[in-house]
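Protein sequence lines correspond, in order, to chains A and B.
Its first residue numbered 1, the first sequence is counted upward by one per residue in this note's numbering.
Its first residue numbered 688, the second sequence is counted upward by one per residue in this note's numbering.
No lab work stands behind these hints, which were simulated from the structure alone.
Be a bit skeptical, because a hint or two may be false.
[As the list claims (entries may be wrong)] Here are the simulated lysine-lysine pairs, DSSO-like style, with alpha carbons at most 27 Å apart:
| hint | chain 1 | residue 1 | chain 2 | residue 2 |
| --- | --- | --- | --- | --- |
| 1 | A | K39 | A | K74 |
| 2 | A | K74 | A | K206 |
| 3 | A | K658 | A | K74 |
| 4 | B | K717 | A | K658 |
| 5 | A | K276 | B | K717 |
| 6 | A | K39 | A | K495 |
| 7 | A | K211 | A | K74 |
| 8 | B | K747 | A | K276 |
| 9 | A | K211 | A | K227 |
[To be verified] Which chain A residues stay away from chain B? Per the calculated CB distances, all over 10 Å, these:
| hint | residue |
| --- | --- |
| 10 | S61 |
| 11 | T63 |
| 12 | E132 |
Each residue gets a CB set at the ideal place from its N, CA and C atoms; glycine is no exception.
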Amino acid sequence: MTRIALVGNPNAGKTTLFNALTGLRHKVGNYPGVTVDIKSGVLRGTDITEIQIVDLPGVYSLTPHSPDEDVAVKFLFGVDEVPPDFIVNVVDASNLERNLFLTTQLVELGIPMLVVLTMTDAAARRGLRVDEQRLSTELGVPVVSTDAPKGAGLTTLVSRLQGQGFGINISPVYAGYSPEITSTISEICAFSPDISPVLISTQLVKETPSKWLTGIDAELIESGRSKLCSLDIDPSTAIADDRYIGIGRISARSVIRTTAARTSLSERIDQVALHKVGGYFVFLAIITLVFQAIFTWAQVPAEWIEIGIDSLSDFTRASMPSGELRDLLIAGVIGGVGNTLVFLPQILTLLFLLGLLEDSGYLARGAFLLDRFMYRVGLHGKSFIPMLSSFACAVPGIMATRTIESGRERLVTMFVIPLIPCTARIPVYTMLIAAFIPATWRISLGVGSIDGRALCMVALFVAGIAMSFIVAAILSRTAMKSAPSTFMLELPAYKIPRLGRIVRESLDQAWLFIQRAGTMILAISIALWFLSSHPKIQGKSPKEYERSTYAGRVGTLVEPVLKPLGMDWKIGIGLFASVAAREVFVAAMGAIYNVDASDDDDHLGVAVGARMRAQTDPLTGLPAYDIGTGAALLAFFAFAQQCMSTFAIMRRETNGWKWPLLQTTSYLILAWIMAFIVRAIVLAANS
Amino acid sequence: MHNIVSEYNKVDQPDPQCECTLDCLANGIKGEVCSVTGPNRCRLAELGFSRGCEVEVARKSAFGGPIEVRLRSYRVSLRVEEASGITVRAVED
């Protein structure tokens, strides 16, 4: 089998070419060890065994600075497996020089390759035309132009790849380095024959060599670097300076200026979209629209799914004999899968809208506008994208942090994401507010009054968002303090979004979400069902039975911790169940109070709330829960991280147990403290 | 590119004309990169901020936010902290 690697700068049109080359026959796979999704597909018109195309993450050079880039670079150097048989290098013709930086490094790899020029139309608009023939002569590799969406040039490319026209192996060693750098590279080559000059030159520029280099090679490179530094040469810039001299020459010979560049449409849009004042209004308007879509429009299909799940469990209840299996199916399987599926419309809507914003080029503008605020609290302008996703669910949010290059800022973003009010909290908030906040409570403002319940909801949202910024600021000034990270944001030209592609990618990602979170939720729901219905001890009253189940025992176990918050073991069971997903709390409390679950969710929430209010203390006869309990529960849900899926995705994305454990425990402690304070304040205000 | 002779000249003395950093360059004034320093200099150099490269500040954002720079027929945004590590010499058009 022949493996073709698709390599290019971010935004060079790599994915478009990939889709054009493979049709829709591709799969999203995970690279072993790291969580970077790599797509691979089969070249159109070939058999699955013949030619496989691998779409690597975008890179600017063969020097990796982020986990994504590390995967691509390791793949090309053949670190964990054999290197690819052929390289298709996607080059943005409108940004030729920077793209050629990577191209000239790829040529040195010695793997047969082909350059595909994209965005030739954008280059033409800027008055630039690239002479393919000339560029091919300069680089020593074939160059073809293509406009993938329109298919022009694509047929040539496909037939070239199919015809095994894989060319000859040309691997010139870049000859443009200064004598000092040249001699350092050849010295290292002499010591370690299996290390290629291009690997040396791309590692010499790093402060510390990549971890995947063998010990000897890393040492050789480090000593080479310090030797150059002692000669007053900074390899980090000098090597690139030299390479760009050569690139300047190639570009001067192969680029033809046709007309003077005009102010592009993108620049004219940016005069509004990035305006010092107006830009922020545009941003607010767009974000408001996104929220409107998630919280209003996406609710409609979400309700359909709920109705579907309810009728499915009713059907199961009616058509199966009662017993263990039926309980497992209804409470464990249908309930568990349903908990995930209900979020699908919101997540899909969000993914689609984010895709739309990203493909049009607007997301980068948002990062540009927000960077200063984000930077103040130790985050990155790009952090706003994952944080926005987290309003739907933390799982896609944490996955979306991958676009942040700096490891530290990415980690801080991932760490604060569970504080963002996700949709799973909304049913819990609704239920608790309805149960504990009197409908008559209004705050008068002279001219009118505000509904106290609505105010509560807003306050909970603001509290979550504010806390995420506070935690980020504290972390980046203390535990995760480090040198300022890189920003380097590219503002791509605005484009008309490609709907088909966005829909496809949203579905791909939603499917990943279902697989990752769904399987976890399913497993936990089954486990929770078991824990809350076993052991089955005969001859006990329902009340005693509740308490004697495994879940009841956990509730009893944590009761001393919950007492100061005005909660008892029953709420303990509910909190324990919310590990599966926060909104399970409502259903779990319903189960404890034997509320009929056949009603739809809204009624369930109201019924559970009423039942909670009606609970009395068996000893004193006074209400078991007061408004303080309700306030404490609300505060707890705002700040706690008890969600299993978040834990699982954190473990995957950070590749270890340290961060998910730290995150979960610190937010549980934070939530307890906040709940305690809020309860004290509410009780004091009410006495 | 096969037979390019080295054109690398080491500059020992700092260029007296290079007292300006990229973040101080006024909008629309062209400059030429003299040196790149700071923790992200490696990435900046790869992106095209190499010695002698012509740069121009295209946009400065509100509240001291990122600066958009035009170079090598594309645009990139940098933080003030990064831009201040790039020394430039103003060039006349």
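Status of each hint after checking the structure:
no. : hint            : result
1   : A:K39 - A:K74   : holds (16 Å)
2   : A:K74 - A:K206  : holds (15 Å)
3   : A:K658 - A:K74  : holds (26 Å)
4   : B:K717 - A:K658 : violated (49 Å)
5   : A:K276 - B:K717 : holds (22 Å)
6   : A:K39 - A:K495  : holds (24 Å)
7   : A:K211 - A:K74  : holds (11 Å)
8   : B:K747 - A:K276 : holds (9 Å)
9   : A:K211 - A:K227 : holds (21 Å)
10  : S61             : violated (5 Å)
11  : T63             : violated (7 Å)
12  : E132            : holds (17 Å)
This entry does not satisfy hints 4, 10 and 11, going by the numbered hints stated previously.
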